[in-house]
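Those protein sequence lines, which keep their order, are chains A and B.
Just so it is clear: in the first sequence, position 187 is 187 by our numbering, and no numbers are missing.
Just so it is clear: in the second sequence, position 193 is 193 by our numbering, and no numbers are missing.
Be aware that one or more of the hints could be misleading.
DSBU-like mimics (lysine-lysine), calculated; alpha carbons at most 35 Å apart, straight line [as the list claims (entries may be wrong)]:
{"no.": "1", "chain 1": "A", "residue 1": "Lys387", "chain 2": "A", "residue 2": "Lys166"}
{"no.": "2", "chain 1": "B", "residue 1": "Lys139", "chain 2": "A", "residue 2": "Lys135"}
{"no.": "3", "chain 1": "B", "residue 1": "Lys315", "chain 2": "A", "residue 2": "Lys135"}
{"no.": "4", "chain 1": "B", "residue 1": "Lys37", "chain 2": "B", "residue 2": "Lys156"}
{"no.": "5", "chain 1": "B", "residue 1": "Lys230", "chain 2": "B", "residue 2": "Lys305"}
{"no.": "6", "chain 1": "A", "residue 1": "Lys135", "chain 2": "B", "residue 2": "Lys308"}
{"no.": "7", "chain 1": "B", "residue 1": "Lys149", "chain 2": "A", "residue 2": "Lys135"}
{"no.": "8", "chain 1": "A", "residue 1": "Lys387", "chain 2": "A", "residue 2": "Lys100"}
{"no.": "9", "chain 1": "A", "residue 1": "Lys135", "chain 2": "B", "residue 2": "Lys305"}
{"no.": "10", "chain 1": "A", "residue 1": "Lys135", "chain 2": "A", "residue 2": "Lys291"}
Everything labelled a hint here was simulated from the structure, so no lab data went into it.
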Amino acid sequence: MLYLSEGFTYIFSDPLTIVLLIAGNLFGIIFGCIPGLTATLGVILLIPFTYGMSPVQGLTLLISEYVGGISGGLIAACTINIPGTPSSVITTWDGYPMAKKGRPGTALGIGVFCSMLGGIFSAFALIFIAPPLAKMALMFGSWEVFAIGIMGLAVVIGMCSNSLAKGIIGVLFGMVWGAIGLDPVSGVTRLTFGHWQLLGGLNDTAVCMGLFAVAEILLQTRELGRPKTKIEIKKFSLKPPSRKEMEGCAVPITLGSIYGTVIGIVPAIGQTVASMITYNHTKSLSKTPEKFGTGYGPGIAASETANNAVNGGALIPLITLGIPGDTVTAALIGGLMIHGLRPGPILFVDHPEIIGGIMVAYFFANIVMYLLEQGIMVGFVKLLDVKMSYLFPAILLCCVLGVYTINNRMFDVWVMLIFGIAGFLFERLGFDMFPPIMGYILGILIESNMTTGLIASGGSFAGIMEKPIAVVLITIAFLFLIGPVISRYFKRRKQEINATNIKNI
Amino acid sequence: MKLKGFLSIAIVIVMVLALAGCGGNSSAADYPKQTIKVYVPYAPGGGSDTLARAMIQAIDIPVDMVAVNMEGANGLVGTMEAFNANADGYSILVQSAQDLMGFSMSGATDISLYEEMETICYLVGDFNFVVTNKESGWKTIEDMVEYAKAHPGDVKWSCSGGQGIDFAETNLVLEGLGIKDVVTVVPYDSGSSGNVALLGNHVQMSTNTTTEIAGSIEAGDVIPLLAIAKERLEWAPDVPTTLEKGVDYSSYSPRGFYAPPGTPAEIVKYLQDAMEKVLANDEFVERMTSFGLITNFVPGEQAFKDMKAQESFLKPFFENMEDE
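Extracted from the complex, chain B is given alone in its bound form:
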């Protein structure tokens, strides 16, 4: 009896050791050797999901990549999962730079995720627009400003979330236009419900991304008044930018890939080089464009610098909000 007990314990120990051995001996030198997981912190079918899947299809590396969807808390749950994953290059994250930055700025987490994680590169990006609906009758941003000033409190303006970057951007634009005190900003739980509210005339103005509103603009139900950008966009050449209208704020919302903190630099470089080549794939570019995303490769170091610069623009707003 005793022997049996001892034997079974020994067998268990051997099995555990064997299992432990499976994950261990991988190093940067012979990377990649096994399947790479791409964490998608949103439900299947959205922009980031399609970016990840299109990249996986187009990338040319000797191992497989799989997309792992993990939604929750507007992308924070999947992001945290990737943040906590092994830093061996076999777990990476697809995320929008603004969202990644927003998590810590809004206080949803204490960890400055974008500073801690390794930025591999950006592959695509989109812009935010200031839009109105058909019912308002406004053709230009001046029409709206004039009305808002004459009717304080009448104009309602939707954005996605009451603490994130969207909310901050909306307020910065309102401040720049000099109508911050006469317009009510109404945060919705997502960009899509913000757009539904605009279509139903529950709000008259909205800040939203190209991916969310391109369809409604095409149909003529939603009219873009301002692009929150430095230069006019090829996609909407007739829409003036914030800078043209004297609003000292412009932004660009890139999306790309990140690796957990401490991932070896060679591995990050390897992935960056492989991903850069994806942009030469016509099908990839076509799929991104159909989503309203503009393809634009930005290597990791530059991407990180860009983000830092945008943070310095937005930080005062969040600090003010905390004080209030």
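Isolated chain A (complex conformation):
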């Protein structure tokens, strides 16, 4: 624990670091809450500024921006039904309906509070048990990650049980989008129609912002002419949500913290999958599953705890093994390497103050995020009152700017706009946008790991059988799929028995 105290003094002996902790967080919250400007983009824009700073200052800035950004996404999700950052897609399901019922303060309050809890849980995992947990990242080979992907798909399919056919069509659409471009493993180009701009595939942010921001704006624009039903905003306080408001949230907070941290540790899976699995598990354990999607607190808690817990999880393999989990952690490695520091076991011995600094910075970034978001929440709630005819053009502009800046390509902006129109049409045809985006995310994950896994096991799926973790995960996926069918069968059986019993009487 030497590194912890060293990190603590290192961070708090330098007033500039504390300023960066707050400034980075605020910057992140702003980027997170504006659709189109994402947490990842914020990190990308800040990296050049960190070159001139000391390693711990630079990392503090990047980490606090990221924590603020991932959490800030919930603000737009709750107030205007557009995920501010792709990882808050699931927060819209319960956050917006709750705000519409006149309780935006409660929705935001639960979201912000749970964000902090998820973050802090993963911070404790990072501080106290990082080295053993890091082994987990290594245990997950191609087949194991493939199995996580399959489990994710099963969850998605299970979630669209009310219109299964449409859900499956949506997932397949998403998988096709994900297949576009140069396959990184086999090097084969697919669905590019000879157009080099498509070689890199579609940009994640462009697709996500198209389907969720642009399409949502188009949908809501149809309402512009009609007289707006004014939402009666109930009074709310700046205090953390009361015990009554947090009712039923203990389960999603526990599940979200664990799922988020674990999924964060395994490279390249990400926040959205963690949120989805937690949401689904919470719903299946709930006595009142019908309340989910109607503005139910535990729904918000599930999504927000999980996506913030991922941040801390992703830092674990980074500092212990030097393995980046996503764009942001890859950027953090770059930030260390510039100063001649290589993340990994050696860094623990040679520079405990930096390892400790990262841990302490991450822990306090979560606290600062909570205080900042609580403090300026009054302003966020006012967003509901802004005329949509002012708000929408501004958001569209931010989407165009953000999607362009993330990879400096005009092509991505066109992709976003096309997906916006496609999303609008889909939505009008009664399709939900969630299955396609999950098909897109999971399709890429499943395919590349399946190809690698198949090559390693000599072209046969039998290789999975040698991987106990993969077998367990696939079994769980299978149970997810057949579970509802079986329970429906038993229910009908029971009814029939009851019916015959009644007849016999």
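For chain A, the structure is supplied; the task is to place chain B on it using the hints.
Quick look at chain B alone, frame taken from chain A:
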């Protein structure tokens, strides 16, 4: 009404002409006059990105240079963007020679990018290593060869991508060691996931670059068995080279800067001279070394020749692969 319509059209035409005038009149004689864009076809934070940014900070020219990150398709998207940019010296590309060559050899694009683009110079380079993990217990390459021959199909070997230069190099090394048929080569989507697979013992051997594995080697988790190089490297003096072990293949993966096809020769020369001086900057050298990159200036013409020579070595492999 009519007049108004005519006027507005006239105004638009004047504005369009004025805009068109902005980009035009630049020539090689008064170069450089405006900001130079450096296309980085990867996400911020990697080796090529740091090379570009360190160069930008160290170079002494009267105008600004900015790095423009544009990732996608393992670097092909940003490279194509630079390839299609104006050949006026205000757009240049940072790229690894092997990647640039690999795009056309593997068939990802029909354009022979490295032949068409103007090579300004190489500034740094790195080497590929053949490595194993702690669990395998192998101390030398002979240990591994012996085991592989005794247990055909047991040894799995990771590399980055199933069609690129990495894959070709791995196969050439395996052929040279005489174990091509008894080892399974497993391509991963990137060098970093190939290394994770090695650390987790999902594969026992790997071909990877110094920039990717230096940390794991320092920590003792990854053990280098061979350097794919002509001579022993200062960085790892105890590691034998491929040539020493009878494998007739060595390589060097330089990184440098390129200009779009048709960029005037004076401009390319101007940039080359300015970039050569960057190597005298201590901070630049230090930043590159910390990334596992070795600084080494190679002027454009020589760089192009080196690449041609390496291509002739690798081409038969890719042709064979196509036939299969």
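Outcome of the hint check:
1. As the CA atoms of A/Lys387 and A/Lys166 are separated by approximately 34 Å, the hinted pair is consistent with the 35 Å bound.
2. Annotation: proposed proximity of B/Lys139 to A/Lys135 holds, straight-line Cα distance about 24 Å (limit 35 Å).
3. For a cut-off of 35 Å, the pair hint linking B/Lys315 to A/Lys135 is broken: about 40 Å separates their Cα positions.
4. Of the supplied pair hints, the one linking B/Lys37 and B/Lys156 is violated, its CA atoms being roughly 42 Å apart against a limit of 35 Å.
5. Simply put, B/Lys230 and B/Lys305 have alpha-carbon atoms about 17 Å apart, close enough for the 35 Å limit, and the pair holds.
6. Between A/Lys135 and B/Lys308, the direct Cα distance comes to roughly 44 Å. Violation of the 35 Å bound is thereby established for this hinted pair.
7. Only pairs whose Cα atoms come within 35 Å are accepted, and B/Lys149 paired with A/Lys135 is accepted, the gap being roughly 31 Å.
8. Only pairs whose Cα atoms come within 35 Å are accepted, and A/Lys387 paired with A/Lys100 is accepted, the gap being roughly 15 Å.
9. Proposed proximity of A/Lys135 and B/Lys305 is contradicted: the alpha carbons are some 46 Å apart, above 35 Å.
10. Of the supplied pair hints, the one linking A/Lys135 and A/Lys291 is violated, its CA atoms being roughly 39 Å apart against a limit of 35 Å.
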